[in-house]
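Chains as they are written, first to last, in the working numbering: chain F, 1 to 389; chain V, 1 to 295.
No lab work stands behind these hints: they were computed from the structure. Everything numeric in this text was worked out from a predicted model, so none of it was measured.
Dumping the calculated EDC-like pairs for lysine to aspartate or glutamate here, alpha-carbon to alpha-carbon at most 16 Å:
1) V/129 with F/165
2) F/168 with V/184
3) V/210 with V/235
4) F/85 with V/196
5) V/71 with F/109
6) V/295 with V/272
7) F/304 with F/278
8) F/269 with F/165
9) F/186 with V/74
10) F/186 with V/70
11) F/168 with F/223
12) V/229 with V/239
13) V/210 with V/272
Where chain F lies over chain V, by a calculated footprint (3+ residues, C-beta under 8 Å):
14) 77-87
15) 99-112
Pulled a few chain V residues facing chain F out of the computed Cβ check, cut under 7 Å:
16) 58
17) 69
18) 72
19) 90
20) 91
21) 95
22) 119
23) 126
24) 188
25) 189
26) 190
27) 191
Cβ coordinates follow ideal geometry from the N, Cα and C atoms, glycine included.
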Amino acid sequence: MSIFVTGIGIVSAIGLSAEKNLRSLRSLTTGIRRSGKHDLMIGEIDLSDQELIEQLQLATEDYSRTSLLGLLAAREAWAKNKIDKRIRTGIISATSVGGMDRTERYYFESQTSNRTDSRSLMTHDNGRTTERIAVELGISGYIGTISTACSSGANAIMHAARLIEANKLDRVIAGGSEPLATFDIKGFSSLSIYDDGICKPFDEKRMGLNLGEGAAFLMLENEHSISISGNQPICSLAGWHNATDAFHQTASSPDGKGAALAMIHALAKARIPPQAIDYINAHGTGTGNNDLSESMALKTVFGKNIPPFSSTKGFTGHTLAAAGAIEAVYCVQAIQSQAMPPNLNFTMPMKETGMQPETEFHSANLEYVLSNSFGFGGNCTCLIFCKAS
Amino acid sequence: MRELAPSSQLITPDYSEFIPPMDRRRMSDVQKMSIACSMDCLDQAAVGQPDAIIVGTSMGCCVNTRNFLDKILDANGGPLSPTSFIVSTHNTIAGQIALLLKNHSYNMTHTQNSLSFEQSLIDGMLWIKSGFNHVLVGGADEEEESLYNTRSRLNREHLHLACGASFFVLSNENHHSEAVKVVDVGSFGLIDGITDCISHFLASNDLDAKSIDLVLFAQNDQQKMDQLKSIFPRERLCDYQKLTGTYYTNSAFAMHYGVDMLLNNTKTTEAEVRYILVCNNVIPENLGLILLSIK
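Next up, chain V with everything else stripped away, as it sits in the complex (with noise of 0.2 Å):
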């Protein structure tokens, strides 16, 4: 894994993989991004079919959006043609995922800026709790210069701004005996400090401080970076935001991250890995937590 650097580039793969070309040609990134991952995912979950599909975005379908907003001002008032309008709700790819699935199950798409992704993840185990087996639960933004990114709450001289999709099968504890576990998920919006969240989140899961082997962060704020520093060993922190650039639902390639390294069992100093926290401040006043455990 290398660190993002100016010059990178989104990678992306090879899309006619994933989506018949007819309706390739009119997705945007975050479409094209959020099924290649769904289908990948469900894929190597070998699930035909999930219960639910869950997906979480800040700037939902921007780029359409911002289309859309052109084509008003070029037709200075005359006829338009409603193709970009039909695809900028948030809720463009998750319905999208679930229209090539023929998916007929709970459709939902949560946007609270950096914190959609943690949100998806607490609605998708509420449904596993509950009896279901699999659900598709993901966190993707695209990135959108023009309008959006000039002004937003990420715009920081420092930063790298990014874009990008993770998914993942949640799934009952009767599958998949190799898989990582999701202890658990906090959403904490509007909160002064980071230190008293973060204890009880992990007092609240029998856990404390010293439990953690691996906090993968994200800080775009010195005050709450030293409220971290306060909490955890600086040698267990890890910045993923080096990793991965800024954007609101980031947190989900932190998780993916996480899972990759429980599932290798990739040692940090001497100890084995067994709990990873996904610390996400990328908004100084909005936390998310995830917790990760080898199961």
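Extracted from the complex, chain F is given alone in its bound form (with noise of 0.2 Å):
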């Protein structure tokens, strides 16, 4: 059976929209910029909560980041679609922290004041902000919420299309959500595998990452679904994976094996032979330890014949929850112009394994295109797409 991509949405630093998101991936425009509030390079977006409850026309304030960012995604995902009795819809969606941005707030301000509002805990919990944004959306039934670190995301879309393959619903919409908590940066900052300048995935000389916020959503359907809603698809999503690396609570391994069987399996449930894959959207955070078990796993899976491959977190900045939901949309993205998306900052190749992402913006001809997310507690999800339906 089919899993059919319908409709996508994303927000990210480089664009409040998909059209936009392409738009500054063909221009090759980061939208990573130094943060007056945290002196950090970082993929911020360009509204206040204030400005995005305005936008998104909602009736009370009590939304924590995650979801406002969320809905915006979700709603350009959703696009004119109706709830309909005869087609089992639900949505999954994926955060790391949840509400952190308001918990941490309160939480901050409640050590110098007493006038503070414990309100803003009940959007904590990361299922509650799931919730928010079904409620806009008018979805009840299977609401769910995945929360793997930087896996997050790749993991709710693979969970949407194995409960559509198991005929338990018809559509799903799903992906996932991530707002920048002071929690996240100093988190990573305290890991010192924070980039000063803007991160260079792949290269020799990479210094680390650069976080970003975003939200992204796909809408998946089967065959049943888009008999009645209607909708063409963009494009299917073929196979997935998740394995686990075992190695280290935050590190990858040398040898990427973690990255490899999920590489390795999600190419056997799509039934092709490595040699199919045309594009890979690597994960590729810019720190040393993951571009180079990444690049040992594609080794390992592809041989000497290692398809084009990228990482756009150049653009994003991590996104962690959201990142494998923003690059499954350029996934799609990738394969609906036919396009590849560039790697930015690549300068000199890894003298371990020589191996050059591409760094233009350039037309290919795309029939299966590969997604990596892996995250902390080793994490590790592929997921393919394929331009047939």
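Hey, can you piece these two chains together into the complex? The hints should help.
Shown next, in the form of structure tokens:
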């Protein structure tokens, strides 16, 4: 059976719609800038919570930024679709810190003031951030949230596909959302893997990552759903897999075992040989550890014939739980526009591998496109999209 | 089994039997509880390596999360230790289990507040149906009083807030002759009434309310409680929160209780217990259903 992608929605530092994101990818325009508040290079979205609430025309202010960004992207992916009793519809989102943006504000303020509003904690739990999006779209029933750190968004899409494949649901809006929380900024800074400039994925002189915020969703439907909705498939989700590196809580193994397993099984699920892959959107965070480990995994899976690949983290920053969903949208757009998004800031191949990512936005015949996402806990996920529906 | 009292304390095993000392020192309650349960139940099922590890947790490693917030405040802009940050993500629990087992299989964490465990079970059952032999599935949440519990949707005066972990090995039918069968699991978010949902769920399994010998329920809403009483006879209803207290993944405890009952073939009223329904309505608008039967 086929799982069709019939809609995409995205907000990131390089645009507040799919069209604007593609335009930035095409013109090699990064969204990473120095943030005044944190004095770090960050992929921020230029809308305050209040501006988001106004743009989304919400009645109350009782939303975490996670829900606000998520809703903006989810509405674009949902487009003009309607709730229909004949279509079993679910939503699966992903977040790593839930409503931490409001929680930390409350917690930090509560240390110096006793006039804080503890109601903001009501939006903290991960599941709540998804429920707020579901309410606005009118979805009830299967409402799920995946939280596996930086692979969360890809896992939400995979889980949606598995529920459709098992005939539990006909249609799922799946993706992820992540706000820029001080919690994450301080956390990644404390790991000493933060690049003071714009990150340089797969470069010999890469210094680390930049954080970003954003959200993205895909509309996934089965044939039954499409026969009622009348939606035109953009492409299909052909393969997926999740595997564990089981090497270290945060570091990837030198040989990228978990990553390789995820890719090998996703290829098997899609029933295609490695040579069928035309483009890889790598996890490529720009850290010394990730990019080398991922490169070794690519060598294990593809041998000497590694397909054209790039990391788009130099555009958006690492958007953590949203990254897998944002990059899934870029893969769908790559198939849609038959062009590969480039890898920014690459000048020198790593001496260990000599591998060279794509550095220009250029046209290519893209039938199968693969996306990697890896997270803390050794969590490795691979998704494969296919042009033919 | 005794009812929970205000003086009740968390029962903890000797963790040194399950977790190496170096790892144990750095772990929070939710990690230790989950790992001890996992190792014990893999041992009972004589499964060395599960084909998947799936954890449901609403609040995840919330103690480590709060600790890192405190460290940010203490550091006041200065250098920070990443120790509590790297073990703050919700998937630390499932990840640590895999790390201890050196397990490279599917590893997932569902965090849909009161439905986190049910969604983990659904995930595990999908894998069993697609051919996996053994899947480790659990539900776990820890207490964190100073932050989340002060203002969570569970915070109602009459509730006894608690914590716990319960893990299970789901196996393909070819294994374990004496085991209990998980017939079906449902996760229903943001629903109005519970009666239609329950009836439809039972009907889709060719059952009706009369077929259920025991309903293990968690209910914190009077209106929904009346709905439950309208479907099932009062003598078949058992409030599991009186035994375990309230936390988001306490339906995992109820499933454990139900499995034990079916294995021991305990009797309620006169009839033999064949079907048990775990009816989790901890959050009034969310309903989790787990249908268990003797094999």
